[in-house]
Amino acid sequence: MLEKLNNADIRILYVLMVIAATFPLLWPIGLPLPISEQVKASYNAIETNIKQNDLVFIGVDFEPTQEAELWPQLLAVGRHVASKGARIVLVNMIAGGFRYEERFEEVLIKQFDMKYGVNLLALPFSAGREAAFQSIVADFKGLYKVDLHGKTLTGFPLWNEIKSSKDFKMYVQIADAPDWWLRPMSQVKGLLLWNGTVASGASTMAPLYQSGQMCGFIIGMSGGAEYEVLTKRPGPAAAAMDAQSMGHALIILFVILGNVGYQMTRRNEAKAKKAR
Amino acid sequence: MALNKNVYFHLFVLVAFVATFYYTASRFRQGGKFSIRKLDAIAKMEEAVGRATEMGRPIHWSYGMGAFDAQYFAAFTLLEYAASLCAKYDTQMIVSIALPEVVPMTEEVIRKAYTDAGKIDKYRPDDIRFWGGSHNPAMIGTISREQVAGNFMIGSLFHESILGIEAAARYNAIQVGGTANTHQLPFIAAGCDAIFIGAEMFAAAAHLQPNPVRVGSVSAEDWLTRFMIVLMAVGAVMATFGNSALANLMKR
Amino acid sequence: MIFIKSKLPVVVTFVAAFIIVAQYYLDIPAWKSFAAELLRWNVVLAAFALALGIGGIVRLHWGRISRRDPSAPYSAICLLSLAVFLVVGFAQTTRGKTYQWLWDYILLPVQATSYATTFFFITSAAYRAFRIKNSYAVVLMVSAILMMLRVGFFASVMPFTPKVAAWVWDIPTTAGMRAVTIGAALSLVGSSFRVIVGLERGHLGGGE
Amino acid sequence: MNETIGIWIGAFLTLGLFSWMYKENAWFRIVENVFVGASLGHLAVTGYQNVMDIAWKPAITGKYIMWLPLIGGFMLFSRWFKKYTWISRVPMGFLVGTTAAVVMNGAIKAQLIEQAAATMMKLTSINNIIFVVLTIAATTYFLFTLQSKQTGPIVNLGKYAMMIAFGATFGQTVMSRISLFTGRMQFLLFQWLKLTPGGG
Chain F
0 MLEKLNNADI RILYVLMVIA ATFPLLWPIG LPLPISEQVK ASYNAIETNI
50 KQNDLVFIGV DFEPTQEAEL WPQLLAVGRH VASKGARIVL VNMIAGGFRY
100 EERFEEVLIK QFDMKYGVNL LALPFSAGRE AAFQSIVADF KGLYKVDLHG
150 KTLTGFPLWN EIKSSKDFKM YVQIADAPDW WLRPMSQVKG LLLWNGTVAS
200 GASTMAPLYQ SGQMCGFIIG MSGGAEYEVL TKRPGPAAAA MDAQSMGHAL
250 IILFVILGNV GYQMTRRNEA KAKKAR
Chain V
0 MALNKNVYFH LFVLVAFVAT FYYTASRFRQ GGKFSIRKLD AIAKMEEAVG
50 RATEMGRPIH WSYGMGAFDA QYFAAFTLLE YAASLCAKYD TQMIVSIALP
100 EVVPMTEEVI RKAYTDAGKI DKYRPDDIRF WGGSHNPAMI GTISREQVAG
150 NFMIGSLFHE SILGIEAAAR YNAIQVGGTA NTHQLPFIAA GCDAIFIGAE
200 MFAAAAHLQP NPVRVGSVSA EDWLTRFMIV LMAVGAVMAT FGNSALANLM
250 KR
Chain C
0 MIFIKSKLPV VVTFVAAFII VAQYYLDIPA WKSFAAELLR WNVVLAAFAL
50 ALGIGGIVRL HWGRISRRDP SAPYSAICLL SLAVFLVVGF AQTTRGKTYQ
100 WLWDYILLPV QATSYATTFF FITSAAYRAF RIKNSYAVVL MVSAILMMLR
150 VGFFASVMPF TPKVAAWVWD IPTTAGMRAV TIGAALSLVG SSFRVIVGLE
200 RGHLGGGE
Chain B
0 MNETIGIWIG AFLTLGLFSW MYKENAWFRI VENVFVGASL GHLAVTGYQN
50 VMDIAWKPAI TGKYIMWLPL IGGFMLFSRW FKKYTWISRV PMGFLVGTTA
100 AVVMNGAIKA QLIEQAAATM MKLTSINNII FVVLTIAATT YFLFTLQSKQ
150 TGPIVNLGKY AMMIAFGATF GQTVMSRISL FTGRMQFLLF QWLKLTPGGG
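Residue numbers (numbering that gives the first Met the number 0), protein chains in the order written: chain F, 0 to 275; chain V, 0 to 251; chain C, 0 to 207; chain B, 0 to 199.
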């Protein structure tokens, strides 16, 4: 009987996983969510460093495939920055990121009463990745002529207040793992670097946080969820964390059951051999 | 000549490699001996093609969706091997491709394998399929409709590795994977019958055809890797006594 | 003529590679910027190769339709979808309103969903692969489970797991992956070198 | 209105792709073919824009060197004529050569020198000793011409280190895969079906 577990119909596992991951979205269980030291430190980096009217870059560098992990992070961290009264400039160096930039701009205008052009600007996609970041460092004002919506930048008071990238207090990069933004941006004197990235990319960026090159670093959906708890603004990530825990529990259970079945099959095979 | 700063050690490694390569290649050409660790994955590839032939089902190949880099060079060699097996046994091989620039190269590799086997009339360009960004669902669809008996995923793999492998597992395909992308090694290690881990994918070339060029290359790579191992050990001991001269030297 | 046919591609390979390898070592700004320029040409060549690839797919599907293959309706869907994107894309560029709608409601959901199917596959992969067959498999399984116990609910009932998992991540995992990286480095150099000097040229085919 | 239609289409495509998990079926196949067409179309549109911006516009405004990649591109089309296939190998050679060169420069520095230099740690803590030993042991696994009985145990130790690494990376990745799925479910439940958390 138990040996059936060795070769269960995979589709049964799929159905169970779907239930485990979906049910908590509709009926949150409210499993405890401990806040890790790293997320707390990253939260504090923004809480203590950002003052009223500080200039902050927010890099929106992710595509639809990373939406699930990074959009909640952008919401949680971006709202935190906005709530501190900072002036925000959105930048985008990945082709698929502009839709999220537009959506986030809307959130900031609606929920924080930010005035576009006065304390909020969204800049368009600029190709070249590391080279484009290098241009931000060398000649920020020269890199852009129009904003995300194709309007001339010189018509916005905020743009005219900025002289160079040195005027900024912090660069918050929400991106899919790569470090090509960090090498150029770390050349700007006095600019604090803060990064949120995907779980599968954690190994690339972790050493750079440990070495002190970044003042904040959160990873994946759990990072976003813990951040939501800290900012006391429940969002999509915290709701999904129950699903995360349930999914993990179920996979571990499958692994255990699979092994029980496997050992049983092996024992039966050994018995059959002996009988022969 | 104005040499850049901080490239001296870099240049040293390059020159040392080239020199060792020509030395080991000429040694082998003059009748030197050469033995290489056995790679199970190569034998597994032949087993897969053999079983596909018995069952009358095709083989599926994918390079993954990663950008064009040197992993494709290793993959081309293994693709040529797989294609020559398929030509020999008259078995169909379907290739899924995500990068446009790799399509003509794949055509050349497979056409050459069929020409060498004397079966150019059996070469079917329609089996080389370019999917672009839709590589993954198209690959899953192909694997399941054709019920492939063998699945080779070798190249610059990203998250598509697990998709191809688990889809082919439904049809009990014999699977061989290979990549140097560390983030995907867990999935090919978990799902495949045999794998090429990083450098093994490249060493396979010397295994398949031990000519002076390939043997010389693998031997030279080995010698330099050994040299780096010694450097790491010595450097660590030196660092323990507060001397970071070696690490600094390497960064020059 | 035969000489040009067989040697010209190899000569081009070598010259292009030499320009780029040398710029790394030489402190000559003009050379460096020319090398960067060359790399941008790859984007152009890839775009032309794309036309070839699309040609192949159109040929495949058109063949199915004209043969009245059972899969012809699907082929028609594929060509239709291609045509819609091409027409709208060339008429309004990617910044157009209709094109953005296509992006938002067709490409975005399929892309995200195609990625999300890994959720199912990683489940079955874990179930099938983590069998205690030998000591390597035990190690593989234990470290995977440990990582899953690191976050969320488990971390609050088993407060030691984040610390143990962090150690496993920082020491043996980083060491193991670093070895793969170092081990592959010279292979990458070796295979690239063989290609650059024309000793390995399977990708350029042989014969006619 | 447009948005509502869009969300329904998005839901149709999402569920169609997921339906493969039960079995390969017509719905999945429709979505698959929509995706293939859409993705190739999108690539063609962006590819065309790239050719225009990078090569064509500079070429016709006096930067004559940009005719070279354009000519190279057209040379690829010689593949359609059997007799002239060799012409296409010239731009292919260029692609391969530049790629190989970039790899050669990058691999030595990023994968060899920097990684080896970072391994030269002070052997004053247990952790550092373990780290250095495991790194070296696992690197010996990639020596192919070395086959002696003495190195066996070292290579085995290295293999264990790699298995731990593979397992940990696997476990770490599970997390982001679940996130991807919940992301799609949030779209289906809250945007398409307009449910509200809490069971509404």
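Just so you know, the hints here were simulated from the structure itself, not pulled from any lab data. Among the hints, erroneous ones may be present.
Stated by the list, open to error - Restricting the straight-line Cα-Cα distance to at most 30 Å, the calculated cross-link-like pairs of lysine-lysine (BS3-like) are:
1) B/LYS121 / B/LYS82
2) B/LYS82 / V/LYS87
3) B/LYS158 / V/LYS43
4) F/LYS270 / F/LYS231
5) F/LYS188 / F/LYS114
6) F/LYS39 / F/LYS3
7) V/LYS43 / F/LYS272
8) B/LYS56 / F/LYS144
9) V/LYS4 / F/LYS165
10) F/LYS140 / C/LYS4
11) V/LYS87 / F/LYS3
12) B/LYS56 / V/LYS87
13) F/LYS144 / F/LYS162
Hints versus structure:
Distance hint between B/LYS121 and B/LYS82 is unfulfilled; the C-alpha atoms sit about 63 Å from each other, more than 30 Å. In summary, the hint linking B/LYS82 to V/LYS87 is supported, as the alpha carbons are separated by about 26 Å, within the 30 Å threshold. Proximity of B/LYS158 to V/LYS43 is assessed by CA-CA distance (about 20 Å); at most 30 Å being required, the pair is judged to hold. With a CA separation close to 60 Å, the supplied pair F/LYS270 and F/LYS231 exceeds the 30 Å bound.
For the hint linking F/LYS188 to F/LYS114, the alpha-carbon distance of about 28 Å falls within 30 Å, and the restraint holds. Among the hinted pairs, F/LYS39 with F/LYS3 is inconsistent with the structure: their alpha-carbon atoms are about 46 Å apart, more than 30 Å. Distance check on the hinted pair: V/LYS43 and F/LYS272 sit about 27 Å apart at the alpha-carbon level, within 30 Å; holds. For the hint linking B/LYS56 to F/LYS144, the alpha-carbon distance of about 20 Å falls within 30 Å, and the restraint holds.
Of the supplied pair hints, the one linking V/LYS4 and F/LYS165 holds, its CA atoms being roughly 28 Å apart against a limit of 30 Å. Distance hint between F/LYS140 and C/LYS4 is unfulfilled; the C-alpha atoms sit about 50 Å from each other, more than 30 Å. The straight-line distance between the Cα atoms of V/LYS87 and F/LYS3 is roughly 40 Å, outside the 30 Å bound, and the hint therefore fails. With a C-alpha separation of about 49 Å, the suggested pair B/LYS56 and V/LYS87 falls outside the 30 Å cut-off, and the hint is violated.
A C-alpha spacing of about 14 Å is found between F/LYS144 and F/LYS162, which places the hinted pair at or below 30 Å, so the restraint holds.
When the structure is compared with the earlier hints, violations turn up for hints 1, 4, 6, 10, 11 and 12 and for no others.
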